[in-house]
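Make a model of the complete structure from these sequences and hints.
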Amino acid sequence: MNKTTRREFIKRSGMTVLSVGLSQQAFWRHVRAASESVLTRAAALSPTDRILVVIQMDGGNDGLNTVIPLSGSAASLYRQYRPTLAIPEANILPLGEDAAGTLIGFHPNLLPLQRLYEQGHVAVVQSVGYPNPNRSHFASQDIWHTADPEGRKRTGWLGDYLDVAFPSSDNPLLAVSLAGTRLPLTLRAEHVLVPAIGSVVANYQFRTQPPSDHQNKMRAFLALNRETASEHRLREQIQLVALDAVESVEMLQSGIQRYTSDPTIVYNTQNRLAQALQQVAQILAARLGTRILYVSLGGFDTHQSQATPHERLLAYLSEAIATFYADLVRLGLDDRVLLMTWSEFGRKVVENGNQGTDHGTVSPQFLIGTRVKGGIVGEHPSLRAEDLNPGLGDPKFSVRSIDFRSIYATILEKWFLVDSREILGGAFELLDVLQV
Amino acid sequence: MPLDEYDKIAHLLRRAGFTAHPDELDAAAARGLQATVEELLNFERFPDVPPDPEVLAALDLPQSDFDRNRGDFLNKLTRWWLHVMATTPRPLQEKMVLFWHGLFATSVAGLEFWQQIYLQNENFRGNFDPDTGQLLRPAPGNPFPVGNFRRMLEYLSKDPAMLYWLDNQFNVKKNSEVGSNENYARELHELFSMGVEDVVAKVPNYTERDIRQASRALTGWRVLPRAAGFTFPRVFSFDATRHDFGPYEHLGKRGGNNADFIFDNIVRHRNPGQKQSAVGRFLGYRLFKFFGYEDPEPEIINALADVFDGANGEEPFNIRNMLRTIFTPGNLVSEAFYSERAFRAHVKSPTEYVVSLVRLLTFDRATGRPDGLSPSPNVRRLVQNGMLQMGQQLFMPPDVSGWREGLAWISTTSILARFNFANDILALQVTQGGIDLTRLLVQAGLQDALSQQRYGEVVDFFARLLWQSPPSADAREALIAYLQAPIPNASSSTVGDLKIRGLIHLMLAAPDFHLS
Numbered sequence: 001m002n003k004t005t006r007r008e009f010i011k012r013s014g015m016t017v018l019s020v021g022l023s024q025q026a027f028w029r030h031v032r033a034a035s036e037s038v039l040t041r042a043a044a045l046s047p048t049d050r051i052l053v054v055i056q057m058d059g060g061n062d063g064l065n066t067v068i069p070l071s072g073s074a075a076s077l078y079r080q081y082r083p084t085l086a087i088p089e090a091n092i093l094p095l096g097e098d099a100a101g102t103l104i105g106f107h108p109n110l111l112p113l114q115r116l117y118e119q120g121h122v123a124v125v126q127s128v129g130y131p132n133p134n135r136s137h138f139a140s141q142d143i144w145h146t147a148d149p150e151g152r153k154r155t156g157w158l159g160d161y162l163d164v165a166f167p168s169s170d171n172p173l174l175a176v177s178l179a180g181t182r183l184p185l186t187l188r189a190e191h192v193l194v195p196a197i198g199s200v201v202a203n204y205q206f207r208t209q210p211p212s213d214h215q216n217k218m219r220a221f222l223a224l225n226r227e228t229a230s231e232h233r234l235r236e237q238i239q240l241v242a243l244d245a246v247e248s249v250e251m252l253q254s255g256i257q258r259y260t261s262d263p264t265i266v267y268n269t270q271n272r273l274a275q276a277l278q279q280v281a282q283i284l285a286a287r288l289g290t291r292i293l294y295v296s297l298g299g300f301d302t303h304q305s306q307a308t309p310h311e312r313l314l315a316y317l318s319e320a321i322a323t324f325y326a327d328l329v330r331l332g333l334d335d336r337v338l339l340m341t342w343s344e345f346g347r348k349v350v351e352n353g354n355q356g357t358d359h360g361t362v363s364p365q366f367l368i369g370t371r372v373k374g375g376i377v378g379e380h381p382s383l384r385a386e387d388l389n390p391g392l393g394d395p396k397f398s399v400r401s402i403d404f405r406s407i408y409a410t411i412l413e414k415w416f417l418v419d420s421r422e423i424l425g426g427a428f429e430l431l432d433v434l435q436v
Numbered sequence: 001m002p003l004d005e006y007d008k009i010a011h012l013l014r015r016a017g018f019t020a021h022p023d024e025l026d027a028a029a030a031r032g033l034q035a036t037v038e039e040l041l042n043f044e045r046f047p048d049v050p051p052d053p054e055v056l057a058a059l060d061l062p063q064s065d066f067d068r069n070r071g072d073f074l075n076k077l078t079r080w081w082l083h084v085m086a087t088t089p090r091p092l093q094e095k096m097v098l099f100w101h102g103l104f105a106t107s108v109a110g111l112e113f114w115q116q117i118y119l120q121n122e123n124f125r126g127n128f129d130p131d132t133g134q135l136l137r138p139a140p141g142n143p144f145p146v147g148n149f150r151r152m153l154e155y156l157s158k159d160p161a162m163l164y165w166l167d168n169q170f171n172v173k174k175n176s177e178v179g180s181n182e183n184y185a186r187e188l189h190e191l192f193s194m195g196v197e198d199v200v201a202k203v204p205n206y207t208e209r210d211i212r213q214a215s216r217a218l219t220g221w222r223v224l225p226r227a228a229g230f231t232f233p234r235v236f237s238f239d240a241t242r243h244d245f246g247p248y249e250h251l252g253k254r255g256g257n258n259a260d261f262i263f264d265n266i267v268r269h270r271n272p273g274q275k276q277s278a279v280g281r282f283l284g285y286r287l288f289k290f291f292g293y294e295d296p297e298p299e300i301i302n303a304l305a306d307v308f309d310g311a312n313g314e315e316p317f318n319i320r321n322m323l324r325t326i327f328t329p330g331n332l333v334s335e336a337f338y339s340e341r342a343f344r345a346h347v348k349s350p351t352e353y354v355v356s357l358v359r360l361l362t363f364d365r366a367t368g369r370p371d372g373l374s375p376s377p378n379v380r381r382l383v384q385n386g387m388l389q390m391g392q393q394l395f396m397p398p399d400v401s402g403w404r405e406g407l408a409w410i411s412t413t414s415i416l417a418r419f420n421f422a423n424d425i426l427a428l429q430v431t432q433g434g435i436d437l438t439r440l441l442v443q444a445g446l447q448d449a450l451s452q453q454r455y456g457e458v459v460d461f462f463a464r465l466l467w468q469s470p471p472s473a474d475a476r477e478a479l480i481a482y483l484q485a486p487i488p489n490a491s492s493s494t495v496g497d498l499k500i501r502g503l504i505h506l507m508l509a510a511p512d513f514h515l516s
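Chains V and F, in that order, are what the protein sequence lines are.
Everything in the first sequence is counted per this note's numbering, starting at 1 for the first residue and increasing by one.
Everything in the second sequence is counted per this note's numbering, starting at 1 for the first residue and increasing by one.
Calculated directly from the structure, the hints in this document are not laboratory data.
It cannot be assumed that every hint is accurate.
Unchecked claim - If you only want the chain V side, here are some residues facing chain F, beta carbon under 10 angstroms, derived:
#1 80
#2 205
#3 222
Here the structure is a predicted model, which is why all the values come from computation and not from measurement.
Glycine included, each C-beta is placed from N, C-alpha and C at the ideal position.
Structure representation (structure tokens):
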């Protein structure tokens with residue numbers, strides 16, 4: 001298929017009259033089609049070309065075995081509460097002291113991440129959660145997705161960001177999710193369409209049987225979606241989305257062809273997060289204007305026999321991030337990319353009867369990138385009985401905890417340079433984690 | 001331009017059912033619009049599609065055996081229901097079961113016993129008796145899907161899947177303010193009856209206290225963990241020892257000793273100064289949105305609410321009466337239903353997309369019925385996967401507020417998913433559970449047109465079948481060009497078959513097929 005844009009097709013087909021009632025995005029496309037290039041991609045309201053990569057740890061990561069206390073009452077209580085799960089002290093990778101004077105360290109499988117930390121590229125944000133914690137996966141995930149403690153909003157915090165920052169964008173690939181076929185709520189927007197690519201970009205294609213008939217078929221498909229039979233609002237919307245799909249598939253498939261891998265930077269084929277991040281690198285290398293990419297690593301809901309699965313997940317996490325970061329450096333993109341992790345909750349401090357842990361509250365999250373001001377943010381949660389939720393065994397959300405919306409606010413204000421208050425429904429304290 | 005009678009009938013059969021083959025449209029046109037409406041509404045006179053024996057057999061398995069294969073169970077159940085929708089002589093019944101599934105949205109993801117979701121499906125069909133846990137066809141007394149809404153609230157509140165899904169199973173007497181679990185009481189008001197605010201007056205319909213008081217009345221409403229003859233919990237039980245006997249203060253009324261007080265208040269509740277009930281308006285709005293168009297005008301909502309309220313002497317709370325108002329020509333509501341604004345103004349959900357595709361392409365002119373959806377594992381897997389990619393998995397709504405409809409079904413991902421699903425299903429040979437294309441072409445009398453390359457005729461035929469209208473000049477031209485374009489390296493014996501499949505694929509991927 002010729003590499004022409006949907007815009008050109010619309011123009012060629014003579015779509016002129018604007019129907020009343022088209023969505024805002026469709027309206028702007030029509031305007032652009034009619035009047036050459038007054039509104040271009042550069043007219044996006046977000047004045048940066050910075051990129052955010054979101055890594056979701058799906059299931060509730062056991063933060064206490066990820067960032068581990070090495071001193072004080074927390075360290076001894078940790079070993080007392082976790083007779084089988086506590087990581088042997090000799091294996092823990094020390095990071096340093098936090099603001100409360102607790103010495104903390106990484107789980108041994110986070111060695112690649114520790115190296116990045118030592119280069120100053122990792123901010124370890126401790127005790128991240130929110131007041132009145134919800135320990136249901138789907139409810140707490142919704143809260144993190146939408147930044148709404150009632151969990152009732154229908155759009156996500158990054159979807160809202162896209163609507164605010166790119167009200168008239170032409171780009172069908174402003175944001176992309178590689179986390180399955182359902183678009184994560186984080187990226188649901190009122191107007192901006194975000195494709196859920198699935199986990200293999202190469203499968204994001206129009207399939208035709210037989211493949212040799214592909215050109216013929218796509219030509220006809222485009223024709224069916226270009227012609228204006230009437231000013232029927234729904235029909236036009238469907239056509240616009242169909243043309244968008246053709247354009248985004250074309251952009252992606254030809255874009256990722258341009259990526260050449262570096263033989264010294266090897267993404268482990270057994271590591272599904274690494275595979276996903278390699279595809280993120282391919283998309284970024286194609287320079288398609290994508291600003292947000294979303295990936296997910298599942299399996300963190302470790303209610304029983306936690307030790308082996310959790311250590312494997314942490315190995316995958318750190319190895320994937322380190323490889324991806326090296327690739328960004330090689331591609332000359334590391335300056336513009338920020339990585340963040342999130343997980344719907346941590347887990348209980350006391351291990352359960354099945355050598356596992358149950359749903360908890362606060363846990364540490366990471367920000368990684370060249371522009372991150374590396375270090376330890378916040379305090380390790382106290383494990384003293386009076387600081388745990390009574391009868392529940394997980395840390396209370398206290399003044400020493402960090403609201404996850406502070407991380408969001410910091411990213412929105414300092415990284416993306418937009419006002420975070422309306423998106424988050426309030427003002428949240430910004431964290432000193434970026435050097436921009 | 002107003003719709004002619006044929007258009008109206010086609011529109012009616014697309015909306016009140018899952019679309020109709022041209023033969024069915026012709027037969028309906030011969031009967032006339034009025035008679036067609038009557039047949040749709042009074043569907044009990046036609047036989048129901050029987051249950052799937054494999055689904056039924058799974059209900060008798062010990063739980064551990066069932067759980068090991070519950071994914072397969074869900075897959076077979078989904079296939080069966082889609083097949084029912086595609087082949088039933090009671091299309092409006094199934095459309096309403098789908099409507100209630102989307103409104104009283106319950107997901108297996110929140111259930112310990114997935115078998116219960118099948119019972120809920122039959123509950124919505126009127127074939128389940130929660131008091132005995134039995135499947136009966138029909139279950140006497142069960143008002144679903146088009147009966148008395150007041151009684152439906154009772155059958156919904158006793159439904160085993162619902163009792164587990166929204167935790168009323170654990171709701172026990174606590175104090176004079178609230179039961180121990182208000183989850184169900186909340187959704188009962190917010191999502192299942194009147195909504196947060198009056199649809200027309202835009203004032204709040206209830207207070208937090210109303211919900212808490214309602215939760216008291218619902219205490220002790222649970223499912224028996226065990227019952228003789230059953231392998232999983234499925235029998236409703238009212239546990240007086242866990243029940244708070246009130247009196248309650250709810251929606252401005254004081255009294256009652258059980259949840260019937262709550263249901264009675266809900267269906268009669270009107271906001272100050274309002275003529276129509278809040279539930280009447282909520283259901284009027286949701287029904288018209290489902291069958292007609294989005295954002296119905298207040299007059300339409302109020303007219304339907306009047307019917308719900310029995311304002312003109314009809315039996316109140318009757319869903320069928322509301323449907324009769326929508327579909328029977330000659331009133332304000334049906335005028336809107338049959339208007340240009342409503343015509344082709346509905347985006348098919350993935351369910352409607354799959355079912356209409358199956359109905360039209362497996363229709364056997366000899367029997368006058370569609371074959372339906374093949375139970376072959378190939379097809380089942382393809383459909384399950386396709387619907388997941390399209391954004392709708394039956395029995396697994398994303399949350400208790402159901403699916404976002406209309407244009408929310410359309411995204412770059414879902415357009416791609418529909419395109420690929422249509423491609424994949426058409427690529428299947430009839431031996432693999434695919435469409436019987438040969439029979440279709442023979443019954444259409446198209447072999448000559450094909451062999452003589454009278455492609456215009458072929459395109460016109462499929463447009464009439466799939467789009468139920470003639471193709472536009474541009475579409476016709478593009479599709480003829482497609483048929484004429486050779487496929488490199490294709491053998492002459494297969495290219496004809498490939499091209500026809502390709503043509504059908506394109507027409508299923510066109511905007512005209514996404515809209516009904």
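Right, here's what the structure says about each hint:
1. 80: violated, 33 angstroms
2. 205: Residue 205(V) check passes; min Cβ-Cβ to chain F is 8 angstroms, inside 10 angstroms.
3. 222: Hint holds; residue 222(V) Cβ to chain F Cβ min 9 angstroms, cut 10 angstroms.
Checked against the numbered hints above, the structure breaks only hint 1 and satisfies the rest.
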